[in-house]
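Can you make the complete structure from the sequences, with help from the hints?
Order-wise, the sequence lines are chains A and B.
First residue of the first sequence: 109, per this note's numbering; consecutive thereafter.
First residue of the second sequence: 481, per this note's numbering; consecutive thereafter.
Incorrect hints may have been included.
Residues from chain B shown here face chain A by an in silico Cβ test under 10 Å; the list is partial [unchecked claim]:
id, residue
1, G504
2, R518
3, P519
4, V520
5, A522
6, R526
7, A534
8, E540
9, I543
10, R638
11, L670
12, W679
These are calculated hints, taken from the structure and not from any lab test.
Every residue gets a Cβ at the ideal spot worked out from N, C-alpha and C, and that includes glycine.
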Amino acid sequence: MKPRDPVARWLAAERAASEAEAEAALAALLADLDQPAPPAGFAARVMRRAAEDGVLPVAAAAPARWRSWSPRVSWPQVMRSTWARAAAVLLLLTSGLTVALALGALQPLLAGFSSGDLVAGLADLATAVGAAVTGLAEAVEYFAALRRAIALALGSPVVALALGLCLALAAGGFRLLHDILQRERSWSYVDPI
Amino acid sequence: MAPTALSTLATLTDAELVARALAGSEDACRGLVLRFERPVYALILRMVGDPSTAEDLAQEAFIKAFRNLASYDRERKLASWLFKIAHNTTLDHLRRGGLATVALEASGEDEGGGLADVLADTSTEGPAAAAERHDLARALERAIAGLRPEYREAVVLRYVEGLSYDEIAEATGLPLGTVKTFLHRARKALAVTLTAAGWGPETGSPPGS
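Structure follows, in structure tokens:
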């Protein structure tokens with residue numbers, strides 16, 4: 109088949125205003141064309157960037173095992189090893205030394221506190237908690253009063269109608285804004301039909 | 481998860497591939513890219529005209545796809561979803577850089593691998609037919625490049641990627657009627673351009689007149 113034939117078939121369908129035939133002919137014409145492919149290594153570059161950005165889907169976490177924090181090793185078996193025993197002794201020694209040093213370092217700090225300071229601090233804390241509870245109760249009372257006032261106002265048909273109108277206006281405004289944003293995101297703002 | 485051979489991934493459906501990717505298979509993610517890199521890249525290239533920019537945007541589109549893969553509705557066609565991401569990514573880029581300057585004038589003219597080179601394959605036909613095929617490819621390429629970007633995108637999605645009207649509407653965010661109008665106008669414009677370039681009948685009025 110000569111290259112001109114598919115073109116002629118398509119153009120003839122266009123002239124005949126045969127929509128379906130023209131579509132099929134153009135699709136057949138373009139199907140013969142190979143499409144441009146991305147440069148070699150594109151997939152690898154995407155994967156590298158995805159890994160760098162940390163966006164690769166991560167496997168769902170396995171169901172939590174009860175006491176998953178517990179060691180899976182058998183301690184008696186481990187402790188049979190001389191190396192394990194030596195490591196345990198070393199661990200105990202260093203832990204003890206650390207605790208002793210820490211206590212020594214904290215001694216001057218702890219000496220500055222008295223039991224009176226502790227009682228005063230606890231009293232301040234109790235006062236602050238009491239004030240917070242009182243503030244919360246006042247806020248609850250305020251909102252309850254507001255709810256009663258709104259319920260009373262809505263009992264009036266005029267107020268209810270005004271509120272309905274306001275809600276309708278707000279909904280219309282949101283819809284308009286949504287449509288504008290959608291249009292902005294599509295091609296239709298270039299060529300409105 | 482154990483590595484999966486690409487040949488195995490190639491036999492999976494889109495939904496299965498997505499499921500594996502969501503389960504944490506890096507190979508499935510790579511399989512997704514390999515399966516859709518050509519259409520996504522080709523669509524973006526048609527819209528922006530510059531291969532380097534097209535590759536960057538295609539990369540960005542796949543990254544967005546990975547980031548939102550969990551929200552992909554497997555009842556929908558994966559290609560349409562990816563085209564929608566590619567469309568939005570490209571549109572954002574074009575809006576940042578100025579939509580009016582989009583053109584594909586240079587594509588395929590001097591570089592290898594363009595449509596003209598593909599159609600100019602002389603391995604199966606004589607030199608005269610090959611030359612004519614090359615000319616046709618170039619004319620088609622110019623005609624498509626000369627379309628408005630939104631028409632060009634619709635043409636590629638419909639006649640190259642084979643999407644339905646509904647899928648194009650979904651991918652581009654356009655109303656169905658607008659998609660049909662774009663395609664109709666684009667076809668008429670292509671027909672006029674090709675006829676003017678001498679590919680129409682020797683006599684008779686040009687299509688669409």
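A quick look at each hint next to the structure:
1. G504: holds, 3 Å
2. R518: holds, 5 Å
3. P519: holds, 7 Å
4. V520: Because about 8 Å separates V520 (chain B) from the closest Cβ in chain A, which is inside the 10 Å limit, the hint holds.
5. A522: holds, 4 Å
6. R526: holds, 8 Å
7. A534: This interface hint holds because 8 Å falls under the 10 Å limit.
8. E540: Interface hint status for E540 (chain B): holds (9 Å vs cutoff 10 Å).
9. I543: Where the cut-off is 10 Å and the nearest Cβ of chain A is about 6 Å from I543 (chain B), the hint holds.
10. R638: Holds. Min distance 8 Å.
11. L670: OK, holds: L670 (chain B) within 10 Å of chain A, min 7 Å.
12. W679: Holds, because the Cβ-Cβ distance from W679 (chain B) to chain A comes to roughly 5 Å (cut-off 10 Å).
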